[in-house]
Structures are given as structure tokens and as C-alpha cells.
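Student: Starting from the known structure of chain L, fit chains V, F and X onto it as the hints suggest.
Protein chains in written order, with the working numbering: chain L, 5 to 148; chain V, 5 to 148; chain F, 5 to 148; chain X, 5 to 148.
These are calculated hints, taken from the structure and not from any lab test. Small disclaimer: the values here were computed from a predicted structure and weren't measured. Among the hints, a few may not be true.
[Stated by the list, open to error] Okay, derived cross-link-like pairs now, DSSO-like style, lysine-lysine, Cα gap no bigger than 27 angstroms in a straight line:
hint, chain 1, residue 1, chain 2, residue 2
1, L, Lys100, L, Lys41
2, F, Lys41, F, Lys133
3, L, Lys41, F, Lys41
4, F, Lys133, F, Lys100
5, X, Lys133, V, Lys41
6, X, Lys41, V, Lys41
7, L, Lys133, L, Lys41
8, V, Lys133, X, Lys100
9, V, Lys41, V, Lys100
10, X, Lys133, X, Lys100
11, X, Lys41, X, Lys133
12, L, Lys133, F, Lys41
13, F, Lys41, F, Lys100
14, X, Lys100, X, Lys41
15, V, Lys100, V, Lys133
16, L, Lys133, L, Lys100
17, F, Lys133, L, Lys41
18, V, Lys41, V, Lys133
[As the list claims (entries may be wrong)] What the simulated footprint calls covered on chain X by chain F, stretch by stretch (three residues with Cβ under 8 angstroms from a Cβ of chain F suffice, anywhere in the stretch; the number is not a length):
hint, region
19, 57 to 67
20, 83 to 95
[To be verified] Quick list of simulated restraints, FRET-style, between CB atoms:
hint, chain 1, residue 1, chain 2, residue 2, range
21, V, Arg49, F, Pro81, 20 to 30 angstroms
22, F, Ala97, X, Gly31, 26 to 36 angstroms
23, V, Ala22, L, Gly31, 45 to 55 angstroms
24, V, Lys133, X, Met33, 27 to 37 angstroms
25, L, Pro98, F, Asp12, 28 to 38 angstroms
26, F, Tyr146, V, Ala82, 19 to 29 angstroms
27, F, Ala7, V, Asp85, 22 to 32 angstroms
28, X, Asp83, F, Asp131, 40 to 50 angstroms
For each residue, glycine too, the CB sits at the ideal point set by N, CA and C.
Protein chains: 4
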Amino acid sequence: MMAPGDPDFEARVRASFATQQLMTTIGAMLERVEAGKVDIRLPFRADLTQQHGFLHAGTIAAVADSACGYAALSLMPADADVLSIEFKVNMLAPAKGDAIVARAVVIRAGRTIMVCRADVVSITGRDEKLVAAMQGTMMVSYAQ
Amino acid sequence: MMAPGDPDFEARVRASFATQQLMTTIGAMLERVEAGKVDIRLPFRADLTQQHGFLHAGTIAAVADSACGYAALSLMPADADVLSIEFKVNMLAPAKGDAIVARAVVIRAGRTIMVCRADVVSITGRDEKLVAAMQGTMMVSYAQ
Amino acid sequence: MMAPGDPDFEARVRASFATQQLMTTIGAMLERVEAGKVDIRLPFRADLTQQHGFLHAGTIAAVADSACGYAALSLMPADADVLSIEFKVNMLAPAKGDAIVARAVVIRAGRTIMVCRADVVSITGRDEKLVAAMQGTMMVSYAQ
Amino acid sequence: MMAPGDPDFEARVRASFATQQLMTTIGAMLERVEAGKVDIRLPFRADLTQQHGFLHAGTIAAVADSACGYAALSLMPADADVLSIEFKVNMLAPAKGDAIVARAVVIRAGRTIMVCRADVVSITGRDEKLVAAMQGTMMVSYAQ
Numbered sequence: 005m006m007a008p009g010d011p012d013f014e015a016r017v018r019a020s021f022a023t024q025q026l027m028t029t030i031g032a033m034l035e036r037v038e039a040g041k042v043d044i045r046l047p048f049r050a051d052l053t054q055q056h057g058f059l060h061a062g063t064i065a066a067v068a069d070s071a072c073g074y075a076a077l078s079l080m081p082a083d084a085d086v087l088s089i090e091f092k093v094n095m096l097a098p099a100k101g102d103a104i105v106a107r108a109v110v111i112r113a114g115r116t117i118m119v120c121r122a123d124v125v126s127i128t129g130r131d132e133k134l135v136a137a138m139q140g141t142m143m144v145s146y147a148q
Numbered sequence: 005m006m007a008p009g010d011p012d013f014e015a016r017v018r019a020s021f022a023t024q025q026l027m028t029t030i031g032a033m034l035e036r037v038e039a040g041k042v043d044i045r046l047p048f049r050a051d052l053t054q055q056h057g058f059l060h061a062g063t064i065a066a067v068a069d070s071a072c073g074y075a076a077l078s079l080m081p082a083d084a085d086v087l088s089i090e091f092k093v094n095m096l097a098p099a100k101g102d103a104i105v106a107r108a109v110v111i112r113a114g115r116t117i118m119v120c121r122a123d124v125v126s127i128t129g130r131d132e133k134l135v136a137a138m139q140g141t142m143m144v145s146y147a148q
Numbered sequence: 005m006m007a008p009g010d011p012d013f014e015a016r017v018r019a020s021f022a023t024q025q026l027m028t029t030i031g032a033m034l035e036r037v038e039a040g041k042v043d044i045r046l047p048f049r050a051d052l053t054q055q056h057g058f059l060h061a062g063t064i065a066a067v068a069d070s071a072c073g074y075a076a077l078s079l080m081p082a083d084a085d086v087l088s089i090e091f092k093v094n095m096l097a098p099a100k101g102d103a104i105v106a107r108a109v110v111i112r113a114g115r116t117i118m119v120c121r122a123d124v125v126s127i128t129g130r131d132e133k134l135v136a137a138m139q140g141t142m143m144v145s146y147a148q
Numbered sequence: 005m006m007a008p009g010d011p012d013f014e015a016r017v018r019a020s021f022a023t024q025q026l027m028t029t030i031g032a033m034l035e036r037v038e039a040g041k042v043d044i045r046l047p048f049r050a051d052l053t054q055q056h057g058f059l060h061a062g063t064i065a066a067v068a069d070s071a072c073g074y075a076a077l078s079l080m081p082a083d084a085d086v087l088s089i090e091f092k093v094n095m096l097a098p099a100k101g102d103a104i105v106a107r108a109v110v111i112r113a114g115r116t117i118m119v120c121r122a123d124v125v126s127i128t129g130r131d132e133k134l135v136a137a138m139q140g141t142m143m144v145s146y147a148q
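Pulled out of the complex, with its shape left as it was, chain L reads as follows (with noise of 0.2 angstroms):
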């Protein structure tokens, strides 16, 4: 396991992501905080799906920025914040299902710049399906 820059970081993320109003509007709960891991699931919803009624590629992408994110936060410093620079998301498989997961993890964790993965997965009753899979470059910001 990676090493949390705050004791509270769990408390830290926990209260960011409450604030993320999008995350709300769309139904997202974030579940695992871990240091350096981050997994945030999202109930399907026909109100965000694309032309064939699967999840809209921007729903996956926003479910798995996040998580991303969070990912990030949680080994930042306690007066950091994190800001999203940059993310590629390939969509593998059709979103559909009860829910998707992402599951991100830091897979570099600099001073300035981390760098997470997330894995989206749907879920099925019992069976789990890859539909995308996220890398995406996360900066660490500090109020000025």
C-alpha cells in the first residue's frame, strides 16, 4: 500500500466527493477509500444512457475521473486538493447491467503530478464484465 499524506485522508475524500454535485445528480456512491485506491459505483440509470440504452461513454468517463481523483487525494498532503489534467478512457464492452465500478489506483504518486489507472467494470447480479478501462494524470493543487 501506498503511503496517505494525511492520517484523515479517508475523512478528506469522503467529504470532497459529497460535494461533487454531479456525483449526486447521477447517483454515484463512493464505496473503498484506501490509500492510493479509490472505488466508486454507479446504479444504471436509463436517464444516462446513450442512443442504444447503454451508459453514455461521458457517464463511464465521469464515474471513473472521479475515482481517478480520489485516488489521488488520498496520498496528498492535508491542505492539497486535486485537480484532473488530463484522462483517456477506452470503452470495451457495452455499459449495461445493475451498476458499474470503477476501481482507480495511483500507479505513480509525485509531489506535483500522479498518475492512476481505474478499471470499470459492470456488474450483473453475480458476474462482473471490463467495459473501460481509464489512464489519466491527476495534479496536486494547493489553494493560493
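Tutor: Just chains V, F and X now, with coordinates in the frame of chain L:
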């Protein structure tokens, strides 16, 4: 201008956009539809934001991905549909103001693969600012 | 392990690699070839570096792209060839030491599109360090 | 035109390019150097190709990455250096002909992060064709 794959491309793009429930949910509007170029506008809404009150990167990605997808679809044959294979997006400035507009253009139209770029600007009164840049890959898909 | 598309996949991958003149030029060596997994090693050479004496990002990308391409090819039918559609690579640490090794794995093997990830490590004596991470999209191609 | 961070930016860019041994090894030449815009030309060489005799994606990425890096450096203060954080490149057509030219432009010049796009064209006689498109993130770095 690139050659559309179907004279009715604009009607086809507008009909497909109308079935993307996510676009309705977030209040996005399809504006320009030309062969290989599509613009989508999203008025700012607080319920689509991240922890600092700016539009969430996932919100921006959703609008830019739909713009890229429909720019690609505008060049496809009448019986084809579009799938997002992957995209990469850089966040360049906080997305705030009255609205954002994603302007997508096809830079390579192949028989199977189309590659697009989108610039996303924020609009505040009469000012425009570049807030994100996407480059993505779309696939020409035929129902089996 | 994923199922190879051709029992002779290893011979086919090794024969194709031998025809990539860039790999010969830079001194890259094909190591592990399994179904869906390929490793390529590049001994450090000063003539492949950037302005600080570390391996150039393009050198790293070349090795990781070939590893991804051949991981994908290992799963394709005997009459198919592989094309790189796109890749994204993050530089995580300076690439120095004795050698780098790119380890690629297919994360989604479709009929037309394969998606791969590669981790690139630097080797210094017995130490390994992650220096780059790639995610890319490969296409199954048939000669016309 | 963007404002250079140093009046001697062109000399600084040309001096740094001359120390990138990979560029010498592959025969790449620095052409245009303006504030925020850099072109690099690579004459075609068979020893830089992949299995079909076209320039390898890694060769193309190397040239485009250096062009992006130096476009970014041209806007940085005199005591700064440039690091590639990440890039994404789409291959659009086979890279063959007399030469390729990568034309990079900075689309966002921040204090710490610069974002660039590069178009790579192949030149055959008087014809140009777009063969690759890059979008990448460069960092302003100061020696410790």
C-alpha cells in the same frame, strides 16, 4: 468540407441525438450539424459540477464525446451507427460561465475508423475561453 | 490466459518482429511471447536519449507500442496483421539504467479491435522501477 | 502569437534540440521555431520502419513529442526546462514518402503545465498527407 455518406445526414444525426437520454438529462443542445462538424451546447448547471463549483470533467467529456460521435456519424453511410472506441481529453481551464460549447471536427474519415478532435469553450457573456481539448476514435458500426 | 487465434502464434510474432527494422536499429529484443502477453527489452544506449541523457519518450513509446502490437497479434487469426490505431503513454520516471523492458497485455480482445496496456520498467542491476505506462488500441487488419 | 517567456527562446530551443541524441540518430531536423510553434522534419529512412515498410509509430511519436516539447519550451522562462508528462497519438495513414514533418502548437500555456497538439504530415514530392495527430501534456521543470 468532407463528403457526407448520406444526403440526409443532418436529420439522422438530430434523430440519434434526441435518443441520447444523458444529453436530455444534462440539458445539452445540438447546434451546428455539418458534414464532419458538430457543435453541442450545454448551459451551466450547478448540479453538473465538481467540488469547486466548475463543470465536472465527466460532464465536459460527455458533451465533447457526443459532439465527436455525431461529427463522425455525419460522414457515415445511412445504415451505419457510431461507437466511441476511446477518447483523451485535457482540461485546460475551469469550466464556468453561462455555457460550454463543444466543437468537434473529423480529422480522418476511414471506412471503419474515424478520428475526431473537439475544442470545448466556455461562454461568459460575449467572451469565449478554451477549457478542454479532446482527441478521440470513433468506429463505424453496422447492426448484425 | 487468453486463447490464441492460431496455434503458431509465437513463431508468427517472432517472424514479424524480425522485420521491424526500427527494432533492429535501436537494439530491441523480443523476450516473452505468450497468448496476449509480450515483453520487449531495450538495453540502454546513449544515442537513443533526450536532452538530459535519459531514454527519449519516443524510444520508450516505440518499444511499448511494439509490445502492445505483438500482444494483440498473438491473439489474432493466422491471416491477420496488426495495425496501431492509437496509444497514450505517461512518463513516470526518468528512463535510465541498464535496460528497459516493456510488458504488454491485452485487456480486451475483440474481432476488430484489441486494447492493450503496457508497463515499462527500467532495470538497474537487480532493481526495477516503473518508468512509463501505455494504453493503446490495435486493429485486426487483413490484406486486401 | 503567444508571448515567449524569454527573448532568446529560439537559440535555447535549437541548443537543446542539438543535445537530443535520438534526434541525431534518426536524422531529424529542427525547422520552424516560433513562440509556441515548432516544426521538425524527418527524411524517410528504411531503418526506422515497422513490418510493412512504413515509419514505425514510435518513430512518428518521437518526432511529434520533440516538436511538442520544444513548442512548449519556447514559451517558458529562461531557467526552465521541459518534461513530457504524457501524450496520445492517433495513426491516421501509413507514413511513407520522402519525409514526415511534425508541426506542434501550444494550445494552453500555464505556469506549470502546457498542452500541445501536433499534426504529422507525410511529404511525397509536392503532396502532403496527414498521417498522425498528437495531443500531449508538457511540464515546466526547474533544476533543483
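Student: Decide, hint by hint, whether the structure agrees.
Tutor: Against the structure, the hints:
Between the alpha carbons of Lys100 (chain L) and Lys41 (chain L) the distance comes to roughly 24 angstroms, so the proposed pair stays at or under 27 angstroms and holds. Note on Lys41 (chain F) and Lys133 (chain F): the hinted pairing holds, with a Cα-Cα distance of about 20 angstroms set against a maximum of 27 angstroms. For the hint linking Lys41 (chain L) to Lys41 (chain F), the alpha-carbon distance of about 25 angstroms falls within 27 angstroms, and the restraint holds. Under the criterion of a C-alpha separation no larger than 27 angstroms, the hint pairing Lys133 (chain F) with Lys100 (chain F) is consistent with the structure, at around 10 angstroms.
For the suggested pair Lys133 (chain X) and Lys41 (chain V), the alpha carbons sit about 20 angstroms apart, so the restraint of at most 27 angstroms is met. For a cut-off of 27 angstroms, the pair hint linking Lys41 (chain X) to Lys41 (chain V) stands: about 25 angstroms separates their Cα positions. Distance check on the hinted pair: Lys133 (chain L) and Lys41 (chain L) sit about 20 angstroms apart at the alpha-carbon level, within 27 angstroms; holds. This hinted pair does not check out: Lys133 (chain V) and Lys100 (chain X) have alpha carbons roughly 38 angstroms apart, beyond 27 angstroms.
Proposed proximity of Lys41 (chain V) and Lys100 (chain V) is supported: the alpha carbons are some 24 angstroms apart, at most 27 angstroms. In summary, the hint linking Lys133 (chain X) to Lys100 (chain X) is supported, as the alpha carbons are separated by about 10 angstroms, within the 27 angstroms threshold. Restraint check: the Cα-Cα separation between Lys41 (chain X) and Lys133 (chain X) comes to about 20 angstroms, which is no more than 27 angstroms; the hinted pair holds. For the given pair, Lys133 (chain L) sits about 20 angstroms from Lys41 (chain F) by alpha-carbon distance, which is consistent with the 27 angstroms threshold.
Proximity of Lys41 (chain F) to Lys100 (chain F) is assessed by CA-CA distance (about 24 angstroms); at most 27 angstroms being required, the pair is judged to hold. The straight-line distance between the Cα atoms of Lys100 (chain X) and Lys41 (chain X) is roughly 24 angstroms, inside the 27 angstroms bound, and the hint therefore holds. With a CA separation close to 10 angstroms, the supplied pair Lys100 (chain V) and Lys133 (chain V) stays within the 27 angstroms bound. Of the pairs offered as hints, the one joining Lys133 (chain L) and Lys100 (chain L) holds, with about 10 angstroms between alpha carbons and a cut-off of 27 angstroms not exceeded.
Taking the CA atoms of Lys133 (chain F) and Lys41 (chain L), the gap is about 20 angstroms. The hint holds against a cut of 27 angstroms. This hinted pair checks out: Lys41 (chain V) and Lys133 (chain V) have alpha carbons roughly 20 angstroms apart, not beyond 27 angstroms. Taking a C-beta to C-beta cut-off of 8 angstroms, the region 57 to 67 of chain X contributes 7 residues in contact with chain F, enough for the three needed, and the coverage statement holds. Check on the region 83 to 95 of chain X: 10 of its residues sit with their Cβ under 8 angstroms from a Cβ of chain F, so the three-residue criterion for coverage holds.
Range check, Arg49 (chain V) to Pro81 (chain F): Cβ separation about 49 angstroms, and the 20 to 30 angstroms hint is violated. Separation of Ala97 (chain F) from Gly31 (chain X) is about 28 angstroms and conforms to the stated range, judged on CB atoms against 26 to 36 angstroms. The hinted range of 45 to 55 angstroms is not satisfied by Ala22 (chain V) and Gly31 (chain L), whose Cβ atoms lie roughly 23 angstroms apart. Roughly 36 angstroms separates the CB atoms of Lys133 (chain V) and Met33 (chain X), a value that falls within the hinted 27 to 37 angstroms.
Under the hint 28 to 38 angstroms, the C-beta atoms of Pro98 (chain L) and Asp12 (chain F), about 33 angstroms apart, fit the expected range. One distance hint, 19 to 29 angstroms for the beta-carbon pair Tyr146 (chain F) and Ala82 (chain V), holds here, with the actual separation near 25 angstroms. In this structure the hint that Ala7 (chain F) and Asp85 (chain V) lie 22 to 32 angstroms apart at CB holds, the actual value being about 29 angstroms. At roughly 32 angstroms, the beta-carbon separation of Asp83 (chain X) and Asp131 (chain F) lies outside the given 40 to 50 angstroms, and the hint is violated.
Of the numbered hints listed earlier, those contradicted by the structure are 8, 21, 23, 28.
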